[in-house]
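Chains R, A, L, V, Z and B: place on chain U using the hints.
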Amino acid sequence: MKPLDVLQQCLHKRVLVEMKGGRSYRGVLDAYDQHLNLVLSGAEEVVGSEVTAHAGLTLVRGDSIVYISP
Amino acid sequence: MKPLDVLQQCLHKRVLVEMKGGRSYRGVLDAYDQHLNLVLSGAEEVVGSEVTAHAGLTLVRGDSIVYISP
Amino acid sequence: MKPLDVLQQCLHKRVLVEMKGGRSYRGVLDAYDQHLNLVLSGAEEVVGSEVTAHAGLTLVRGDSIVYISP
Amino acid sequence: MKPLDVLQQCLHKRVLVEMKGGRSYRGVLDAYDQHLNLVLSGAEEVVGSEVTAHAGLTLVRGDSIVYISP
Amino acid sequence: MKPLDVLQQCLHKRVLVEMKGGRSYRGVLDAYDQHLNLVLSGAEEVVGSEVTAHAGLTLVRGDSIVYISP
Amino acid sequence: MKPLDVLQQCLHKRVLVEMKGGRSYRGVLDAYDQHLNLVLSGAEEVVGSEVTAHAGLTLVRGDSIVYISP
Amino acid sequence: MKPLDVLQQCLHKRVLVEMKGGRSYRGVLDAYDQHLNLVLSGAEEVVGSEVTAHAGLTLVRGDSIVYISP
Chain U
1 MKPLDVLQQC LHKRVLVEMK GGRSYRGVLD AYDQHLNLVL SGAEEVVGSE VTAHAGLTLV
61 RGDSIVYISP
Chain R
1 MKPLDVLQQC LHKRVLVEMK GGRSYRGVLD AYDQHLNLVL SGAEEVVGSE VTAHAGLTLV
61 RGDSIVYISP
Chain A
1 MKPLDVLQQC LHKRVLVEMK GGRSYRGVLD AYDQHLNLVL SGAEEVVGSE VTAHAGLTLV
61 RGDSIVYISP
Chain L
1 MKPLDVLQQC LHKRVLVEMK GGRSYRGVLD AYDQHLNLVL SGAEEVVGSE VTAHAGLTLV
61 RGDSIVYISP
Chain V
1 MKPLDVLQQC LHKRVLVEMK GGRSYRGVLD AYDQHLNLVL SGAEEVVGSE VTAHAGLTLV
61 RGDSIVYISP
Chain Z
1 MKPLDVLQQC LHKRVLVEMK GGRSYRGVLD AYDQHLNLVL SGAEEVVGSE VTAHAGLTLV
61 RGDSIVYISP
Chain B
1 MKPLDVLQQC LHKRVLVEMK GGRSYRGVLD AYDQHLNLVL SGAEEVVGSE VTAHAGLTLV
61 RGDSIVYISP
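Those protein sequence lines, which keep their order, are chains U, R, A, L, V, Z and B. Reminder that position 32 of the first sequence reads as 32 in the numbering used here, one-by-one numbering, no gaps. Reminder that position 3 of the second sequence reads as 3 in the numbering used here, one-by-one numbering, no gaps. Reminder that position 10 of the third sequence reads as 10 in the numbering used here, one-by-one numbering, no gaps. Reminder that position 15 of the fourth sequence reads as 15 in the numbering used here, one-by-one numbering, no gaps. Reminder that position 15 of the fifth sequence reads as 15 in the numbering used here, one-by-one numbering, no gaps. Reminder that position 43 of the sixth sequence reads as 43 in the numbering used here, one-by-one numbering, no gaps. Reminder that position 10 of the seventh sequence reads as 10 in the numbering used here, one-by-one numbering, no gaps.
Mixed in with the good hints there might be a few duds.
[Unchecked claim] So the derived list for chain B, only partly shown, Cβ under 7 Å to chain Z, looks like this:
1) Met1
2) Pro3
3) Ile68
4) Ser69
[To be verified] The calculated lysine-lysine pairs, modelled on DSSO-like cross-linking and capped at a C-alpha distance of 27 Å, are:
5) Lys20/A x Lys2/A
6) Lys2/L x Lys13/Z
7) Lys2/Z x Lys13/Z
8) Lys2/V x Lys13/V
9) Lys20/V x Lys2/V
10) Lys2/A x Lys2/U
11) Lys20/U x Lys2/R
12) Lys2/A x Lys13/A
13) Lys2/R x Lys2/L
14) Lys20/L x Lys20/A
15) Lys13/R x Lys2/L
16) Lys20/B x Lys20/Z
17) Lys2/L x Lys13/L
18) Lys13/U x Lys2/U
19) Lys2/B x Lys20/Z
20) Lys2/B x Lys20/B
21) Lys13/B x Lys20/R
22) Lys13/A x Lys2/V
23) Lys2/Z x Lys20/Z
24) Lys2/R x Lys13/R
25) Lys20/A x Lys20/R
26) Lys2/B x Lys13/V
27) Lys2/Z x Lys13/B
28) Lys20/L x Lys20/U
29) Lys13/U x Lys2/R
30) Lys2/R x Lys20/R
31) Lys13/Z x Lys2/B
32) Lys2/A x Lys2/V
33) Lys13/V x Lys20/R
34) Lys20/L x Lys2/L
35) Lys20/V x Lys20/Z
Calculated directly from the structure, the hints in this document are not laboratory data. Yeah, the Cβ is synthetic: ideal placement off N, Cα and C, and Gly gets one too.
Bound-form chain U, shown alone:
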């Protein structure tokens, strides 16, 4: 198994994406590529346990990501 296979398994499921600088996004993983660029639908910005913003469909640039968790 390779790390990107985990993303394949997460497709169309909710994931938590932790960003550099401390923000997190939660949403359904609709697409990814080998740079870890992600598309999240129904994306919410999360700070601690609170939802702070709704972003809807979001393309997240891979190089700002620290980790992705189902």
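Using the frame of chain U, we list chains R, A, L, V, Z and B on its own:
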């Protein structure tokens, strides 16, 4: 679907572009490439919910982008 | 021996992953690639000697990693 | 249209170049390449709405650029 | 002689590895690659002249390294 | 014209090199390459309008450069 | 002449290496490669005009270097 396909769907529509360092731009996506370099027309700088500057046509360098949202 | 051979030996064993910016994760190494992207299962965030969060299965982006220790 | 086509259209016209770290330059775009390295003639450093320095002909390194606006 | 030849000469000997952000590690160099990824065995974290932590076998990511000294 | 052609024209002439982090160097451009690595002879460190240090012949790494001005 | 030719001329001579983050090293240049990775022998850490540490033989990673001066 790949992440850049979402940009294809956003062409000629308004998008919100969140930058590293906390600035955001809102404008119509006129062009993009595989580095996520974007061209926005009618671009506005947005801080919170306020428009702070009008930049018109803008080429945004992809590596400063955190996320793009329709 | 090359550095990535150490990761091969760590597969399915617990590792500690120290991140840029001071966070650490502990979990079982389920997968890795040549960019040092890692998949940890049963991952916990660790600050000092305290477990501060449970992240479960986690894909950690290689370029945020400082070191990996079995 | 690709993002760099916008630079082609800006050739020999005045552009505003916003840099990482908050500085901006204004000048006539004389040349560019695919890394977004730019040559500005008659370049001025701009802070807010004030011109703070005159740099004349300037080669600006692409990876310090946030956005370019005509 | 090329810089990596010095690492070849350091194999199985103690080295000091100075990291970006101010931490240092001391340990026996067991492996390296062309990205300066290193494997240290018996690794210790060093702050000033004090040993602050024992990490055992450690894979250190090359792009966090400032210098390596035998 | 491409941006590096400007460096060709600056060869053996005095240039000002603005660095990331706020330092500047002034000196005669003796050599450059496609990474914008530069060799300056008679180089001086400049802060504001004051010369703060003399560095003589200096190889400046391109990725620390913000702009180069004749 | 290309910038790396200056390093060729500096081989086996003392150089000053200014690093990102403000540290400097002084030592005899024993080796270099195209990434500007350097090997310094008899290396000393220098702050202002004071020698603050002796590092002996040191492999300095090129991407932490700002400039190299004979």
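Evaluation of the provided hints:
For the restraint placing methionine 1/B at the interface with chain Z, the shortest Cβ-Cβ distance is roughly 4 Å, inside the 7 Å limit, so the hint holds. Taking 7 Å as the C-beta cut-off, the interface hint given for proline 3/B holds, the closest approach to chain Z being about 4 Å. With 7 Å as the threshold, the beta carbon of isoleucine 68/B comes within range of chain Z, its nearest partner Cβ sitting at about 5 Å, so the hint holds. Given hint, serine 69/B at the interface with chain Z, holds; its Cβ is 5 Å from that chain's nearest Cβ, closer than 7 Å.
Restraint check for lysine 20/A and lysine 2/A: the C-alpha separation of about 23 Å stays at or below 27 Å, so the hint holds. Taking the CA atoms of lysine 2/L and lysine 13/Z, the gap is near 36 Å; set against the 27 Å cutoff, the hint is violated. Using a Cα cut-off of 27 Å, the hinted pair lysine 2/Z and lysine 13/Z holds, with the two alpha carbons roughly 19 Å apart. Between lysine 2/V and lysine 13/V the CA atoms are separated by roughly 19 Å; this keeps the pair inside 27 Å, and the hint holds.
Annotation: proposed proximity of lysine 20/V to lysine 2/V holds, straight-line Cα distance about 23 Å (limit 27 Å). Restraint check for lysine 2/A and lysine 2/U: satisfied, since their Cα atoms lie roughly 19 Å apart, inside the 27 Å limit. A C-alpha spacing of about 23 Å is found between lysine 20/U and lysine 2/R, which places the hinted pair at or below 27 Å, so the restraint holds. Of the supplied pair hints, the one linking lysine 2/A and lysine 13/A holds, its CA atoms being roughly 19 Å apart against a limit of 27 Å.
A hinted pair counts as satisfied when its Cα atoms are at most 27 Å apart, and lysine 2/R with lysine 2/L qualifies at roughly 19 Å. The suggested pairing of lysine 20/L with lysine 20/A holds, with an alpha-carbon distance near 21 Å, which does not exceed 27 Å. Among the hinted pairs, lysine 13/R with lysine 2/L is consistent with the structure: their alpha-carbon atoms are about 16 Å apart, no more than 27 Å. A distance of roughly 9 Å separates the Cα atoms of lysine 20/B and lysine 20/Z; the hinted pair therefore holds under the 27 Å criterion.
For the suggested pair lysine 2/L and lysine 13/L, the alpha carbons sit about 19 Å apart, so the restraint of at most 27 Å is met. Our distance criterion of 27 Å between C-alpha atoms is met by lysine 13/U and lysine 2/U, whose separation comes to about 19 Å. Proximity of lysine 2/B to lysine 20/Z is assessed by CA-CA distance (about 23 Å); at most 27 Å being required, the pair is judged to hold. For the proposed pair lysine 2/B and lysine 20/B, the alpha carbon gap of about 23 Å is at most 27 Å, so the pair holds.
A C-alpha spacing of about 42 Å is found between lysine 13/B and lysine 20/R, which places the hinted pair above 27 Å, so the restraint is violated. With a C-alpha separation of about 36 Å, the suggested pair lysine 13/A and lysine 2/V falls outside the 27 Å cut-off, and the hint is violated. Restraint check for lysine 2/Z and lysine 20/Z: the C-alpha separation of about 23 Å stays at or below 27 Å, so the hint holds. Annotation: proposed proximity of lysine 2/R to lysine 13/R holds, straight-line Cα distance about 19 Å (limit 27 Å).
At most 27 Å may separate the alpha-carbon atoms for a hinted pair to count; lysine 20/A and lysine 20/R meet this at roughly 17 Å. Proximity of lysine 2/B to lysine 13/V is assessed by CA-CA distance (about 36 Å); at most 27 Å being required, the pair is judged violated. In summary, the hint linking lysine 2/Z to lysine 13/B is not supported, as the alpha carbons are separated by about 36 Å, beyond the 27 Å threshold. The hinted pair formed by lysine 20/L and lysine 20/U meets the criterion: a straight-line CA distance of about 17 Å does not exceed 27 Å.
The hinted pair formed by lysine 13/U and lysine 2/R meets the criterion: a straight-line CA distance of about 16 Å does not exceed 27 Å. Simply put, lysine 2/R and lysine 20/R have alpha-carbon atoms about 23 Å apart, close enough for the 27 Å limit, and the pair holds. Taken as a hint, the lysine 13/Z and lysine 2/B pair is honoured in the structure, with Cα atoms around 16 Å apart against an allowance of 27 Å. With a C-alpha separation of about 19 Å, the suggested pairing of lysine 2/A with lysine 2/V holds against the 27 Å cut-off.
Of the pairs offered as hints, the one joining lysine 13/V and lysine 20/R is violated, with about 42 Å between alpha carbons and a cut-off of 27 Å exceeded. Using a Cα cut-off of 27 Å, the hinted pair lysine 20/L and lysine 2/L holds, with the two alpha carbons roughly 23 Å apart. Between the alpha carbons of lysine 20/V and lysine 20/Z the distance comes to roughly 17 Å, so the proposed pair stays at or under 27 Å and holds.
Checked against the numbered hints listed earlier, the structure breaks hints 6, 21, 22, 26, 27 and 33; every other hint is satisfied.
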